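Each chain, written out:
Number of protein chains: 6
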Amino acid sequence: MEQKEIWLESLIVKTPQEGFELAIKLSRMGVKYTQPDIEVLKKLRTDYANNASSLTAASHVVALNFQTVSKANNYWK
Amino acid sequence: MEQKEIWLESLIVKTPQEGFELAIKLSRMGVKYTQPDIEVLKKLRTDYANNASSLTAASHVVALNFQTVSKANNYWK
Amino acid sequence: MEQKEIWLESLIVKTPQEGFELAIKLSRMGVKYTQPDIEVLKKLRTDYANNASSLTAASHVVALNFQTVSKANNYWK
Amino acid sequence: MEQKEIWLESLIVKTPQEGFELAIKLSRMGVKYTQPDIEVLKKLRTDYANNASSLTAASHVVALNFQTVSKANNYWK
Amino acid sequence: MEQKEIWLESLIVKTPQEGFELAIKLSRMGVKYTQPDIEVLKKLRTDYANNASSLTAASHVVALNFQTVSKANNYWK
Amino acid sequence: MEQKEIWLESLIVKTPQEGFELAIKLSRMGVKYTQPDIEVLKKLRTDYANNASSLTAASHVVALNFQTVSKANNYWK
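Residue numbers (this note's numbering), protein chains in the order written: chain A, 1 to 77; chain B, 1 to 77; chain C, 1 to 77; chain D, 1 to 77; chain E, 1 to 77; chain F, 1 to 77.
Among the hints, erroneous ones may be present.
Unchecked claim - Result set (DSSO-like, lysine-lysine): computed pairs, CA atoms no more than 30 Å apart in a straight line: (1) K77/D <-> K32/E; (2) K32/A <-> K71/E; (3) K43/D <-> K71/C; (4) K25/C <-> K77/A; (5) K14/F <-> K71/B.
Simulated from the structure, these hints should not be mistaken for lab results.
Please read all numbers here as calculations on a predicted model, not as lab measurements.
Required output: the full structure, derived from the provided sequences and hints.
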C-alpha cells in the first residue's frame, strides 16, 4: 500500500485553484493505489472520458477531496 | 492537471445564490479537468440532460460543492 | 450558469422542517440548472418517482443539502 | 414542496439510538417528498427490501442523516 | 421504525478500531431497519459478499459512519 | 464483527501521504469485514482493478476516509 515516492508533501496550497488541482491529484492517486499499471489506466481512460456518468463520478470524488483541501487551507480566507 | 487560465479566484461570494452557482461551476470544472474537449462534452450533454439518474447525480455533486462554498462563507450569516 | 430570478435569499429558516424543505428545494435546483426545460423535467419525473433507486438517490441529495442547512442554522438549538 | 403536517419538530433527541431512528425517518421523508403516494411506495418497497444494493443505498442515506443528527446532539456527550 | 431492543447505548468507544467496528454495526443496522427479516438478509449476503461493487458500497457506508464515530470520540486524541 | 488482531492503533500519522495510505487501509478494511475470505477478494480484484467505475468508486471511499484522517491530524498544519 505504500509508495516509495513522495507525492504528497502538504495539503497547504496558495490559491483555491491550486487547491482544486490538488483535489484532482488526490482523486487520481486514489485510483492509482488500486491500479498502479499506467498502461491499464490509459486504456480505461478512453472509455471513461467519453461517458457522462463516469465524468460525473470523477467530479464527485474531486468535490470530496476539495472539501478536505479547502478546510485544510481555511478556505483561503 | 494544471490549467493556465485562472478560473477560481476565491470561494467567497456575496449571496447564497451566487454560492450555489459557484458550486455548479466547481462541479463542471471537475468534469472538464477529466475531459477538456468541449465538443465531446457538448455531445454527452444531450443524453445527460435527458436522463433522470444523471440529473440527480449532477445535483449530488453540486450539493457537495455547495457544502464547501457555504462553509467558506460562514453560511452568509 | 446564472439565473436572473432570485430563488435563494438565505439559508436561515425558522424550523428544522422548513430547513428540510429548503434542502429539497436546493436538490431540485441542482437538477434545474442542468436541465432548465420544465417540460423535459415533468416527463422524466413520471419514471423517476416510480423507481426505488431514483427515490433513494433523491433522498441522498436531500440529506447532503440538509447537512448544509442544518449547520447554517446551528441545528435550531 | 411544503407539507401541512408538522413531522419534524426538533433534531434534538435523548439517546444515540433515538438519533439513529430520527435519521431513518429523515431518509424516508426525503423519499416521501418526491413520491407522496403511499400505495406506490408500498409497492416499490417489496422489491426494494429484497435487493442488496437498494438496502446498502438506504443505509447510506441513513448514515448521512445520522451525521447531521449526531452533530446536532453533540454526539450525546 | 423503532426497535424495542437497545442496540446503541453510546457513540463513545475506547479505541479507533472499536470505533471502526461500531461504524460497521451502524451500517448494518441501517440495512436491518429496512429489512428486518434475518433470513432474507442471509440469502442476500451470499451474492453481496461476492460482488466487488457491493463490497465497495458497503465500505462506503462504513466510511461515513466512521466519520461520525471518530468525530464523537475526538479522533481518540 | 470484531477482529482479534489489532490493525488500527491510531488515526494519527506523521505526514499527509501516510494519512492517505491509512485512508486506503481503512477503505480496504471496510471491505474485509464484509468479506473476510482472502481468496474471494483476490479473485474479485482482477475484474475490479480493470474497471473504470470500480476504480472511481474505490477512490471515492478513500476520499471519505482521507477526510477523517486529515481532520484527526488537524491537516498536518
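Structure-based check of all given hints:
no., hint, verdict
1, K77/D <-> K32/E, "holds (26 Å)"
2, K32/A <-> K71/E, "holds (28 Å)"
3, K43/D <-> K71/C, "violated (35 Å)"
4, K25/C <-> K77/A, "holds (29 Å)"
5, K14/F <-> K71/B, "holds (27 Å)"
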